[in-house]
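Participant: First to last, the sequence lines map onto chains B and D.
Sequential numbering from 1030 applies to the first sequence in my numbering.
Sequential numbering from 18 applies to the second sequence in my numbering.
No lab work stands behind these hints, which were simulated from the structure alone.
In this text the structure is predicted, and so the values were computed from the model without any measurement.
It is possible that part of the hints are untrue.
[Unchecked claim] With a Cα cut of at most 30 Å, we get these calculated DSBU-like pairs of lysine-lysine: (1) B:Lys-1519 x D:Lys-51; (2) D:Lys-51 x B:Lys-1503; (3) B:Lys-1357 x D:Lys-276; (4) B:Lys-1222 x B:Lys-1306; (5) D:Lys-51 x B:Lys-1379; (6) D:Lys-132 x B:Lys-1357; (7) B:Lys-1375 x D:Lys-132.
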Amino acid sequence: MLRLKNGRIYDPANGIDGEVRDLYVEGGRIVATPGPDARIDREIDLAGRVVMGGAIDLHTHIGGGKMNIARALLPEDHRADPVPAMGGMHAGCGHAAPSTWTTGYRYAEMGYTACFEPAMQPINARHTHLEMGDIPMVDKGAYAMLGSDDFFLRMLASGADQRLINDYVGWTLDASQAMAIKVVNPGGISAFKFNTRSLDIDEAHPHYRVTPRQVVQALARAVHDLGVAHPLHVHASNLGVPGNADTTLATMAAAEGLPIHLTHIQFHSYGTEGERKFSSEAERIADALNRMTNVSSDVGQVLFGQTVTVSGDSMKQYGNHRHASPDKWVVMDIECDSGCGVVPFKYRDKNFVNALQWAIGLELFLRVRDPWRIFLTTDHPNGAPFTSYPHLIRLLMDKRFRNSKLDEINAEAAAHSQLRSLDREYTLYEIAIMSRAAPARSLGLTDRGHLGAGAAADIVVYRDDADREAMFAKPEYVFKDGQLIVRDGKVVNVVNGALHAVKPEYDKGIEKPLKEYFDRYMTVRMENVRLSDDEICTCGASKLIPHTCKGRKA
Amino acid sequence: MTTLTLRSVPNGRVDMTGILPETLAGRRTEDIGKQIVHLAGSPLMLDDLFDVTPDETGMLVIRTDSDRLDYLGQGMRTGKLRIDGPAGHYAAQAMTGGEIDIRGDAGEGAANGMKGGLLRIRGNAGDWLGAALIGDRAGMAGGVVAVEGDVGDRLGDRMRRGLILVRGRAGDACGARLLAGTLVVAGGCGSQPGSGLRRGSLILGRRPESLPSSFNDSGRVDLSYLGLLHRHTESLLPGLLPATTHAYRYMGDLAFGGKGEILVLA
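Take the sequences, apply the hints, and build the full model.
Facilitator: Here it is, written out as structure tokens:
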């Protein structure tokens, strides 16, 4: 048994806010305080240290075809950041689009123990799982993308029964070994294939005549009925378009009280005021989030520097391609499923739009009062690479630092933003909520993201440093399932994470029309799309952690 | 400055990235010996492989009998580097200034993505000399490469600017996909010279056995710039070009816009 004694524990799921306590670990789990005659094999004194659960990133593009396209597109990203092999670790490279191994090591070195890929195309699920299997150290999971796929849109257009839609969604989750359902630009990716350049929430799709609102409602209902823990993960319409805040608010309302998660909401909080017709609507969006308790969101914070934007939203990525820096880009069709767009991007602090995007993200963080419903993300790599999380945490926790950065950005953008008037500083407890407890709860990971008895021993120990960036960049110890994997911000033990997937109940009768559909229209047979439980481990995950779903009556 | 003498043949490829006149200048001998290089992907110190001898010259000299030292002069910006012996692969990659003198052969991919400076190769060079860095869309973008010996295939592939001079013979597809710049090969070349050439000049000292069919014979022309080029090259590779301004001109590659030319001096 391992005893971690005298650490200052931040465990929001169990309401522990900075109390000095001992933790006991046995068999990869946290156990209750044992009796006096328990054998302690190892003891680490953590006096003065901050102890939290392993961090969980619930929205980070670490797998799926688009990252490989980004890697192929950006040899300079790899050349500029080589990582030699050492201590049992693979060599790797890459800043914005790091190699799989480097992704895993860097996440672990920051105290992350689970990462969720939010955009797995069901047709591309095998690739995604193979790629995630190559990412060591952390647990993984993926959200299957629906909403612009032909089969679903046909069903919706023909007025199919919600129960049939539920079966199709259940089948997709099951066949692609997914953790949740994501919808990207609802119906819009498909509309782009019919030569449409934008599709607002109540605009009818040019071919199927269904609206994004109907898509969101049908999918949110299906996810809810199937009993999937994580609500429908929505990348709303009109990403990045000035004035899109109205669409975002309409999307929240479209859920009609059902749980819904709006992702990278920073990119969806823009107004059209001012000379440049681009302004912050963070206040209005944050007010709505504060009011609507069925809505959660992650921010997708922009931080300055070179990165690459990867998205299934081929419609908006096509619109952005003229901003590509360096000037090269890829937009492609994923047969009947969806699309994909990869556009390299450099966010500049002296650029009005980029600087305002930065301020809008921070405003959202500071204005949304409930840290259980707003998560810490940069939408890696779209707003910034995940390695900038410690910097982001410092911006949230340190007002003086934030204001000093505000002085450096484009002066006009700084003047337009109300960021300076926001005095809030996040506490360690709130950071622990938004990066651990809340994502675990949102995803239904009952034994992760907390430090109570029975939880998996994913534990991170930080030195308490006033410079929060330095503190969160280099944890002193990271334990994964009870094993010490990182010491002083360096990997000391390479482990392999598990794969989380939900196992909903649905009527297998959906396979009959689906098989006919696949035989007629797709390049792959339905039977070959499905990934079995056994295959997940041959893909590289250490094990499959199934999550049963308690279905609700449709 | 310093002489590095390779003690024995290393049992793998050595990545010499960072061993440059500009990074070693002004440092103490023991300090230089502690500089990290990679042998077969694993880090070790420079003095594990080399004897480090300080001297009064302003030049970094690397003495080697082995062709396993890769990335020599990679990214070099200034100063002088001499290789007494063969260079491995990727010498002078992405070099932007200074002078490198290789007193032996060079491996594959030398001067890839070079942007400035002078690279001399006294022996032969491998494939892809002056081509693009792996994954990049354009090759060498500036500077001068002068080769005494022969070069391999794909010489100057997708080269964008700069000057490459070869006294010996080039392999297949020299000047392929050339975007711009000037490529001179005095000693003849293999098949498909200038295939996919967009702009720029490929100057051949000997008539090739065949040209791609998408080049158009434009007859014998008198180009005064050949006189200027002759004067310029005399200081780099004396006797490389005949003192003539006459050449046979073939416009092409017509499948790729046809704005380039192959000039045959013989």
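Participant: Each hint: holds or not?
Facilitator: Comparing the hints with the structure gives:
Between Lys-1519 of chain B and Lys-51 of chain D the alpha-carbon distance is near 22 Å, which keeps this suggested pair within the 30 Å criterion. For the hint linking Lys-51 of chain D to Lys-1503 of chain B, the alpha-carbon distance of about 26 Å falls within 30 Å, and the restraint holds. Taken as a hint, the Lys-1357 of chain B and Lys-276 of chain D pair is honoured in the structure, with Cα atoms around 24 Å apart against an allowance of 30 Å. The straight-line distance between the Cα atoms of Lys-1222 of chain B and Lys-1306 of chain B is roughly 29 Å, inside the 30 Å bound, and the hint therefore holds.
Simply put, Lys-51 of chain D and Lys-1379 of chain B have alpha-carbon atoms about 41 Å apart, too far for the 30 Å limit, and the pair is violated. Between the alpha carbons of Lys-132 of chain D and Lys-1357 of chain B the distance comes to roughly 21 Å, so the proposed pair stays at or under 30 Å and holds. With a C-alpha separation of about 23 Å, the suggested pairing of Lys-1375 of chain B with Lys-132 of chain D holds against the 30 Å cut-off.
The structure fails hint 5 only (numbered hints given earlier).
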